[in-house]
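Combine both chains into one complex, guided by the hints.
Residue numbers (numbering that gives the first Met the number 0), protein chains in the order written: chain R, 0 to 298; chain C, 0 to 370.
These are calculated hints, taken from the structure and not from any lab test. One or more of the hints may lead you astray.
[What the hints assert, rightly or not] Taking lysine-lysine pairs in the DSSO-like style, the calculated list, with each CA pair at most 30 Å apart, reads:
1) C:Lys340 <-> R:Lys241
2) R:Lys241 <-> R:Lys200
3) R:Lys200 <-> C:Lys340
4) R:Lys22 <-> R:Lys200
5) R:Lys200 <-> R:Lys31
Here the structure is a predicted model, which means the values were calculated and not measured.
This is what each chain is made of:
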Amino acid sequence: MTRVSTAARDGGYTFAYLDEQTKRMVRRAILKAVAIPGYQVPFASREMPLPFGWGTGGIQVTASIIGRDDTLKVIDQGADDTVNAVSIRAFFARTAGVPTTTRTQDATIIQTRHRIPETPLRAGQILVYQVPIPEPLRWLEPREAETRRMHALQEYGVMHVRLYEDIARYGHIATSYDYPVRVNGRYLMRPSPIPKFDNPKMDRSPALQLFGAGREKRIYAVPPHTGVRSLDFDDHPFEVQKWDQACALCGSTASFLDEIVTDNQGGRMFVCSDTDHCETRVRAGHVESAAGGRDPGGP
Amino acid sequence: MYVAVKGGERAIEASHRLLEAERRGDPAVPELSTRQVSEQLPRAVDRVMAEGSLYDRELAALAIRQAAGDLVEAIFLLRAYRTTLPRLGNSEPVDTARMLVRRRISATFKDVPGGQILGPTPDYTHRLLDFRLADVSATDPAQRDDTVQRDRLPPREEPMPRVMDLLGREGLVEEETTAADEGQPPADITREPLRFPAGRDARLQVLARGDEGFLLALGYASQRGFSNTHPFAGEIRYGVVAVSIVPEELGFAIDIGEIELTEVQMVNQFAGSDTAPPQFTRGYGLVFGHQERKAMSMALVDRSLRGRELGEAADSPTEDEEFVLYHSDNVEASGFVQHLKLPHYVDFQSELELLRRLRSEFDPPSAQAAE
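Isolated chain C, as found in the complex (with noise of 0.2 Å):
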């Protein structure tokens, strides 16, 4: 006697003590702390505040955690926690020019006001396994050199000027205007759903929280023919910005804490148009963190973006706002493309009663009759 699958509620409750048994691994070695993973696991703490849309290092470090290391679920937990938080007011816009700068460099020019500052890159090591590392011992505070201080900026009296900025004294470089310039409020896509055509402000909210290997490939496809962005890093700056509100009750700004910024201007090349003269154009990146790829990615696809507006060809994907915007963000993608895990017992029933209707028509009878 056939029974109904039933049982679907203890099945999920035992589902769920063998997934906590899996993240906590042998019990015999000491669990990992939340702040072990936000201060040892950096990259993966800003890669999952930036697509998670929420920065905070402790809550993304608890959900890197709660994942066993599966980061675009953790993306997805800090998603859903997010829901949840309350709109308080909105920040005024960062001044990247007054960044306490980590890293700075120019690809376009030798030498730039405030000088190229390396910092902290991983470009130039040679990518060969660290056995050191391996024996934690090695790198207990005894061994440490303590003549690096992570934390300690050059203290600067003036902003340190964006290399665009100077190009754009010269009217070789477009201008840029925002939606604030032509007196509109900026986009919000967590509050309205994305409309085509999306303006660039949607455009960059949507790449700033899309998933990075999407962006990689795209930026990358678009370095290899399908797309005409013929890039130039003009400058790629890491570090600390202060973010500010207007409280109503005061009036002017204050500062409610920093947080660290990847920005990327990559500079490109337009032979101009019937009412534009040649000049140079711009891709922009901004992310939390220090994530460079995505950051150079994001400015890669967003230059793409523009094709239609700058009156270029706009023929492949990489050009089409419908395909990126809509296909970039991991946790909506992640959540359809394994909702084909659910049962599809009445939709699959459909098609085969279907199917066995059609192959009755298709088969010669003979074929019918030997089954």
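Same shape as in the complex, but just chain R (with noise of 0.2 Å):
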């Protein structure tokens, strides 16, 4: 894949297909959510021609920021070139016409789909999460107008008791993934599903992060420089996952690697999720290791 790509946009459609009236009312939820960093702000949420829980309010996000000027970076589970960020991509390349990227430094608006780049963010740049449920305290209490009222009086001991209980059986916190943070010392907040791994990314990032979620009418925010703690104990400190391997490819040891498994014998090698790190590193003449990050039983 080239690094910029540009393509004709589609005329038959506004620009970045919602309607102009629709981009206000968007960019009002994204203002009022940057206003109260974490607050979920309902927002009226349009049918878009993508299926709801594929990335619609990322989708309505980037299109009611996206002007002419920007270049877009689409990533699902870290990787430019899985199927649905390729989807979106050629959504946005259709309907917008703005020039697309893989490199995550190039890239002035980077939609994801459960990863943060490994690549530092900087001033200017946006991130623009898919969040599938936006509420953290949703598989603790089922009613929105109960969490609500929660948020508002922040009782958020539920969860803290939750954790706790991890604790009290595992000996650890037993969430990998959609680990919730408080933002700003104020709300709880559900990060999206990307790996705990990922988290300290978001805080005092010096790039604005705003979340999107379509079927579920939500948008909040983590303004740059905000702070954002994921919770945890004095005597249980928040920790994120490591491996044993390096990246087969880059022979990274400082990423978050996925698993692939390579043959019907259980062999697998380890890869960088962030498929743009990964090929950068590359590029600059890091190897493969010795080891090649397989594990023995491997080819």
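Shown next as structure tokens:
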């Protein structure tokens, strides 16, 4: 894939698909979300030509903020070439005609599902998350009327109890992704299903982080340089995943690794989930380590 | 050497070509026209228009063809198209008492003013496969019974009063108040996100575009005791109503077209409370096209959702408005259920890492050594 691709816009639709009234409505919700970090702002989410649950919230946010000068990157699971990332990128190439890129540092808007890029984001970039379930308390309390009240009263004890129960049962907190955070010391927020490995990247990031949940009709935000703290206890501090292996392609020991099953005998290898990060490292001369990061059982 | 999963773009293009070939079927068989679908599968078209929230028979028929007969997918196509349409104005409320009625029955009175009109209904057919239909020539125009003309409606001087209005005169049925009566514009669930508790206007809008199968199951559950509604079918009517708007520059109403509707009024027992006398209460259903199963289900669920307002126990899922309203939209439900097809490598990897750690702590050291 080329680093930056340009496409001709399909003139049959408004720029970025949504009509200007709708974009204005979404932008108002975004402004409110930025003003109240971590607060879930209800918005009149539209039916998009992609299914609910497949990134419609992120797509509506991106469609409302994107301009002709923007360069868009879309990732799913950290990769630019997973099918849904390809589909969403093609949607914007077609309806907005903006340049698209796979390189994190070249993008002004990065729409993501389930990952934050390994390359640190800089001021001026916007990270748009696709969010399936925005409510961090949802699996503890199914009713929206009740969870809104709990947020209003900062009644977050149930979440601490849940984490404590993990410690009592397993000896440590057994949440590995979508790990709850407290934003700016106020709102409990669901970071979308990113691995907890990515949580520290949210804290005081110079980039603007916007979260869109289309089916649930909510938008929330973390403005630049805002504190984002993963919940923990003094005697059980927050920690992220670690791997015994390095990336089999670029040798990275500091990135989130995907496990790839390579044969029917259970052989497997570990490679970076962030494809741009991995390719950049390979181009820079980092190569597969001698160990290859492979399990002894591998080929 | 492992090659990162590339080629998503080409795979998608190839998938689209296969999908189109599957939709078209055997090219030796003539292709269905949109008009054939809209004329000969009218109930499918009705459902797609109702749940797609857009009254347009041709577009609904096109969506059904494009979706290869998958109605939920066709509904989704129509909804996505609907997003692109500008909102030019709001119609006046339709008056179903002035409906040109094709069918109208009441299960509560043997006869009613205006009469019982059976109209087109499969209710009293014997569900025997009609093998004559298998032979298309048997249904060609030459064989058709020309004495039946579908669109010939009895001209009607007088409006046909609704059965519930007759009961209303006696004060035996609750008064119906609308948002307009209280000086409020009606809710619009397509322009404002749902909030809870939702008003009855918002609830009815959600139910009107809600999934027929889901509402049917909920309505059925309410009859079997998961609710407390004890309904009678006060009236079911199906026919054509005029839609009118009041353009600002004219200041009076003009008809802009007509639509087919099915309306159901359920009569439900109500024991009364401290403030209200014993009386009948209402459950209301209104759906595009001829869809009695859907309209009746909607009326049952509408009444169930009023349990709390009427001081009933309201402890079953059918009476829980967040449960019903959040889960009745099949475009939302279908998308979210099927999003599980999308890659979840990262979350799964996180869970795998966690589970391996938990197992290494759980399994006795001897078992680990044996591995």
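Results for each hint:
1. Between Lys340 (chain C) and Lys241 (chain R), the direct Cα distance comes to roughly 27 Å. Compliance with the 30 Å bound is thereby established for this hinted pair.
2. Only pairs whose Cα atoms come within 30 Å are accepted, and Lys241 (chain R) paired with Lys200 (chain R) is accepted, the gap being roughly 16 Å.
3. Distance hint between Lys200 (chain R) and Lys340 (chain C) is fulfilled; the C-alpha atoms sit about 28 Å from each other, no more than 30 Å.
4. Proposed proximity of Lys22 (chain R) and Lys200 (chain R) is supported: the alpha carbons are some 29 Å apart, at most 30 Å.
5. For the hint linking Lys200 (chain R) to Lys31 (chain R), the alpha-carbon distance of about 23 Å falls within 30 Å, and the restraint holds.
In this structure, none of the earlier numbered hints is contradicted; all agree with it.
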